[in-house]
Amino acid sequence: DQQVKQNSPSLSVQEGRISILNCDYTNSMFDYFLWYKKYPAEGPTFLISISSIKDKNEDGRFTVFLNKSAKHLSLHIVPSQPGDSAVYFCAASARNQFYFGTGTSLTVIP
Amino acid sequence: EPEVTQTPSHQVTQMGQEVILRCVPISNHLYFYWYRQILGQKVEFLVSFYNNEISEKSEIFDDQFSVERPDGSNFTLKIRSTKLEDSAMYFCASTERRAYVEAFFGQGTRLTVV
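If you read the sequences in order, they're chains L and E.
For the first sequence, this note's numbering assigns the number 1 to the initial residue and increments by one for each residue that follows.
For the second sequence, this note's numbering assigns the number 1001 to the initial residue and increments by one for each residue that follows.
Bound conformation, chain E alone (with noise of 0.2 Å):
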């Protein structure tokens, strides 16, 4: 059964650093997403993307967020400069159509920002 991957399943940075998290759709999606989720808190949206751009984003993706598909099969999620509060659990999702359609998920990236 097709599935969304990422990549790194966890990952720890020391705060100002630059992380990239990467996320491989399933093939045949055209619309892909990344949410987050802190520690006992909901799942929050923050972007997704289609057609190489950004279709919508939440207020959580500041000027310190970017996406990008860099070849055919990766979208890739990066924070320039992480914050402590950046600590969260990351989740790629991509859907074949927009409407009507159940998104699948990745496992997560867990990003612990020390």
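So that you can see chain L by itself, here it is in the shape it has in the complex (with noise of 0.2 Å):
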């Protein structure tokens, strides 16, 4: 059962354009969501998060958006740079438990 889904495996974007990474989820009772970046073998690392009760908040060149009508969340990325390639995680967070996306592979080229 995939509570938290990343339709998008990959995406390409060029360095300085802006990268969109999407996120849906189904559990209504999610109140709390994360991105996660992650490097091959290494574990993931926070990047940014929101409470259910908010619909954006920024941290430098990255903005999360929440839609909870559409139980949708994006990440947007604002001027891409080539360090930013790697694997992105959306997670959602209820009780004791981090739901997991299967992550989208972001590639920015210089």
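Among these hints, one or two may not hold up.
Stated by the list, open to error - Pairs of lysine-lysine, DSS-like flavour, derived with a Cα cap of 25 Å:
1) LYS5/L <-> LYS1042/E
2) LYS71/L <-> LYS5/L
3) LYS71/L <-> LYS1042/E
4) LYS5/L <-> LYS68/L
5) LYS68/L <-> LYS37/L
6) LYS1083/E <-> LYS68/L
7) LYS1042/E <-> LYS37/L
8) LYS54/L <-> LYS71/L
9) LYS1057/E <-> LYS1042/E
10) LYS54/L <-> LYS37/L
11) LYS5/L <-> LYS56/L
12) LYS37/L <-> LYS56/L
13) LYS1078/E <-> LYS1042/E
14) LYS1057/E <-> LYS5/L
15) LYS37/L <-> LYS71/L
Unchecked claim - Pulled a few chain L residues facing chain E out of the computed Cβ check, cut under 10 Å:
16) GLN2
17) GLN6
18) GLY101
19) THR102
These are calculated hints, taken from the structure and not from any lab test.
Just so it is clear, CB atoms sit at the ideal spot from N, CA and C, and this is done for glycine as well.
Each chain sits in its own coordinate frame; assemble them with the hints.
What follows is the structure in structure tokens.
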């Protein structure tokens, strides 16, 4: 039962442009959403989060948008840099566990 | 900066053998988790642990798996009789509180069952 879905397995973006990574969820009980960045052979690294009471959270080049009615969140990276190339996981939290999406592999082309 | 540490980084074991994966969570964190990622697949929740007992576990976490906090710092995952399909990256994570916080992950242990 995939409660958190990232439907795009990969994304390529030109350096300097905007990267938009999308995530959908099914469980209306989720109250906290997070994005993690993962490099090969490393653990996921926390990037940015948003509580369900907000619809936007911004941290430097990273902005997360939450649309509760659509059960959709997105991560915007502006401007994209080659160092942003990694796998990005969306995660949702409820009770005592985090549910992860399958990840989107972002490649930023110099 | 505090971090979650996992040992070993890579473990090779024969099918049917027992393995113990070790984790040292961040010292003031109270909630602990194990996740795994089979190569090319999603990161999957295994178990959460709080106050010296399992809070939640997934279907993956069957009788072959157990967790323990043997002392004040370590958090271990034991697989009693490993199967080939247990080969994966295993990530330990910890959080300070239950809600509205991010989980800090360790670097992972690559388990290879041969």
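Cross-check of the supplied hints:
1. The hinted pair formed by LYS5/L and LYS1042/E meets the criterion: a straight-line CA distance of about 10 Å does not exceed 25 Å.
2. With a C-alpha separation of about 11 Å, the suggested pairing of LYS71/L with LYS5/L holds against the 25 Å cut-off.
3. For a cut-off of 25 Å, the pair hint linking LYS71/L to LYS1042/E stands: about 20 Å separates their Cα positions.
4. Among the hinted pairs, LYS5/L with LYS68/L is consistent with the structure: their alpha-carbon atoms are about 15 Å apart, no more than 25 Å.
5. The hinted pair formed by LYS68/L and LYS37/L meets the criterion: a straight-line CA distance of about 23 Å does not exceed 25 Å.
6. With a CA separation close to 41 Å, the supplied pair LYS1083/E and LYS68/L exceeds the 25 Å bound.
7. For a cut-off of 25 Å, the pair hint linking LYS1042/E to LYS37/L stands: about 13 Å separates their Cα positions.
8. Distance restraint check for LYS54/L and LYS71/L: the Cα-Cα separation of roughly 13 Å lies within the 25 Å cut-off, and the hinted pair is therefore satisfied.
9. Under the criterion of a C-alpha separation no larger than 25 Å, the hint pairing LYS1057/E with LYS1042/E is consistent with the structure, at around 17 Å.
10. For the given pair, LYS54/L sits about 22 Å from LYS37/L by alpha-carbon distance, which is consistent with the 25 Å threshold.
11. Between LYS5/L and LYS56/L the CA atoms are separated by roughly 20 Å; this keeps the pair inside 25 Å, and the hint holds.
12. A threshold of 25 Å between alpha carbons decides the hint, and for LYS37/L with LYS56/L the separation of about 19 Å falls inside it, so the pair holds.
13. The straight-line distance between the Cα atoms of LYS1078/E and LYS1042/E is roughly 21 Å, inside the 25 Å bound, and the hint therefore holds.
14. With a C-alpha separation of about 20 Å, the suggested pairing of LYS1057/E with LYS5/L holds against the 25 Å cut-off.
15. For the suggested pair LYS37/L and LYS71/L, the alpha carbons sit about 21 Å apart, so the restraint of at most 25 Å is met.
16. The interface hint given for GLN2/L holds, since its Cβ lies 8 Å from the closest Cβ of chain E, which is under the 10 Å cut-off.
17. Interface restraint check for GLN6/L: the shortest CB-CB distance to chain E comes to about 9 Å, inside 10 Å, so the restraint holds.
18. Given hint, GLY101/L at the interface with chain E, holds; its Cβ is 7 Å from that chain's nearest Cβ, closer than 10 Å.
19. Interface restraint check for THR102/L: the shortest CB-CB distance to chain E comes to about 4 Å, inside 10 Å, so the restraint holds.
In the structure shown, a violation is registered for the earlier hint numbered 6 alone.
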